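Protein chains: 2
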Amino acid sequence: MARIKKINHVAIVVPEIEGALGFWEQALGLEVHHIEEVPSQKSRVAFLPAGESKVELVTPSSSDSTLAKFLQERGPGIHHVCLEVDNLEEMLADLKEKGVRLINEIPQVLPGRKMAFIHPKSAGGVLVELYEVTAEGH
Amino acid sequence: MARIKKINHVAIVVPEIEGALGFWEQALGLEVHHIEEVPSQKSRVAFLPAGESKVELVTPSSSDSTLAKFLQERGPGIHHVCLEVDNLEEMLADLKEKGVRLINEIPQVLPGRKMAFIHPKSAGGVLVELYEVTAEGH
Chain L
13 MARIKKINHV AIVVPEIEGA LGFWEQALGL EVHHIEEVPS QKSRVAFLPA GESKVELVTP
73 SSSDSTLAKF LQERGPGIHH VCLEVDNLEE MLADLKEKGV RLINEIPQVL PGRKMAFIHP
133 KSAGGVLVEL YEVTAEGH
Chain C
13 MARIKKINHV AIVVPEIEGA LGFWEQALGL EVHHIEEVPS QKSRVAFLPA GESKVELVTP
73 SSSDSTLAKF LQERGPGIHH VCLEVDNLEE MLADLKEKGV RLINEIPQVL PGRKMAFIHP
133 KSAGGVLVEL YEVTAEGH
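One line per chain: the protein sequences are L and C, in this order. Residues in the first sequence are numbered from 13 upward in steps of one, following our numbering. Residues in the second sequence are numbered from 13 upward in steps of one, following our numbering.
Errors might be hidden in some of the hints.
Claimed, not checked - Covered stretches of chain C, going by a simulated chain L footprint (3 or more residues, C-beta under 8 Å):
hint	region
1	14-21
2	56-66
Stated by the list, open to error - Under the rule of at most 30 Å between Cα atoms (straight-line distance), these lysine-lysine pairs were calculated in the DSSO-like manner:
hint	chain 1	residue 1	chain 2	residue 2
3	C	K54	L	K108
4	C	K17	C	K54
5	L	K18	L	K110
6	C	K108	L	K133
7	C	K18	L	K133
8	L	K133	C	K110
9	C	K17	L	K17
10	C	K108	L	K54
11	C	K54	L	K81
12	C	K133	L	K133
13	L	K54	L	K18
14	C	K133	L	K110
As the list claims (entries may be wrong) - Computed footprint of chain L on chain C; a stretch qualifies when at least three of its residues, placed anywhere within it, have a C-beta under 8 Å from a C-beta of chain L:
hint	region
15	43-53
16	71-83
17	115-126
Quick caveat, the hints were computed from the structure, so don't treat them as lab data. As the structure is a computational prediction, the values presented were derived from the model and not from experiment. From the three backbone atoms N, C-alpha and C, an ideal C-beta is built for every residue, glycine too.
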């Protein structure tokens, strides 16, 4: 059976990244590793490593995205937690068999990783992302 | 200056721990290390290690607690993220100097760790806990 290796990241939705860095970078002392545009999610993401995990500051790059809607309705705050697995396809098949509702039954492929979201209805209200890293640094 | 070492845990508020284990333990395959009563927080906590971090399932042990109020108002979901620091007093002094609003200006001392919360108003809507581990396994 597929296994969870670690928390890959905690994603925090922010109105804009530069403003959020005042707290996460300047006050707390985390450092931005890089900032990435993620067109498939209509978002822009800053990656701040913390041990083997990352804090990700995520901001919508389009006002018609799911993320923009989340931000409008719930305000800034923690958006999701991402768990890294050793085999994403195997984990998804196993979850499906156990009756867990998935947002992505087929992984989305992004540079350096494959990802899928579990529906919060099956995860006690938590948006859980699953990640399989396919290249170092993700 | 004090330094963030890692994400110590992500805390998820649940109506009751046993019910939540159906997802976190049975479906995802995480394992409960132990369950602890935390009287100072009027809560009960299950610790599920994930790499160097933990998922913590937290449930109110009293209906008049801040946590019970959170659960009533916002429903189950992610409650806070906890960052582990090498020196909590130094970090708190530094944050205070930078104008960051703290919920606990003086650390609370619990078995194996010292902890303090930063006010979400200073952290872009996120409830951030800071931890200094004083005994292995916390």
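Checklist entry - Quick one, are K18 of chain L and K110 of chain L close enough, alpha carbons at most 30 Å? => result With a Cα-Cα distance of about 22 Å, the restraint between K18 of chain L and K110 of chain L holds, given a limit of 30 Å.
Next on the checklist: Checking one constraint from the list: CA of K108 of chain C to CA of K54 of chain L, max 30 Å. Satisfied?
Outcome noted: violated, 36 Å
Next on the checklist: For K17 of chain C and K54 of chain C, compute the direct alpha-carbon distance and say whether it is at most 30 Å.
Outcome noted: holds, 28 Å
Item to check | Pair hint K133 of chain C and K110 of chain L, alpha-carbon separation not exceeding 30 Å | outcome: violated, 40 Å
Checklist entry - If you look at each residue in the region 71-83 of chain C, do at least three have a Cβ nearer than 8 Å to any Cβ of chain L? => result violated (count 0)
Next on the checklist: Count the residues of the region 43-53 of chain C whose Cβ falls closer than 8 Å to any Cβ of chain L, and tell me whether that reaches three.
Outcome noted: violated (count 0)
Item to check | chain L covers the region 56-66 of chain C, three or more CB atoms within 8 Å, holds or violated | outcome: holds (count 4)
Checklist entry - If you draw a straight line from the CA of K17 of chain C to the CA of K17 of chain L, is it 30 Å or shorter? => result holds, 18 Å
Next on the checklist: Hint check: K133 of chain L vs K110 of chain C, CA-CA at most 30 Å. Holds or violated?
Outcome noted: violated, 40 Å
Next on the checklist: So if I understand the rule, the pair passes when the alpha-carbon distance is 30 Å or less; does K18 of chain C with K133 of chain L pass?
Outcome noted: holds, 29 Å
Item to check | Straight-line alpha-carbon gap K54 of chain C to K81 of chain L, limit 30 Å | outcome: Violated, at about 34 Å.
Checklist entry - Taking a Cβ-to-Cβ distance below 8 Å as contact, does the region 115-126 of chain C have at least three residues touching chain L? => result With 0 residues close enough to chain L, the hint is violated.
Comparing the model with each earlier hint shows violations of hints 3, 6, 8, 10, 11, 14, 15, 16 and 17; every other hint is respected.
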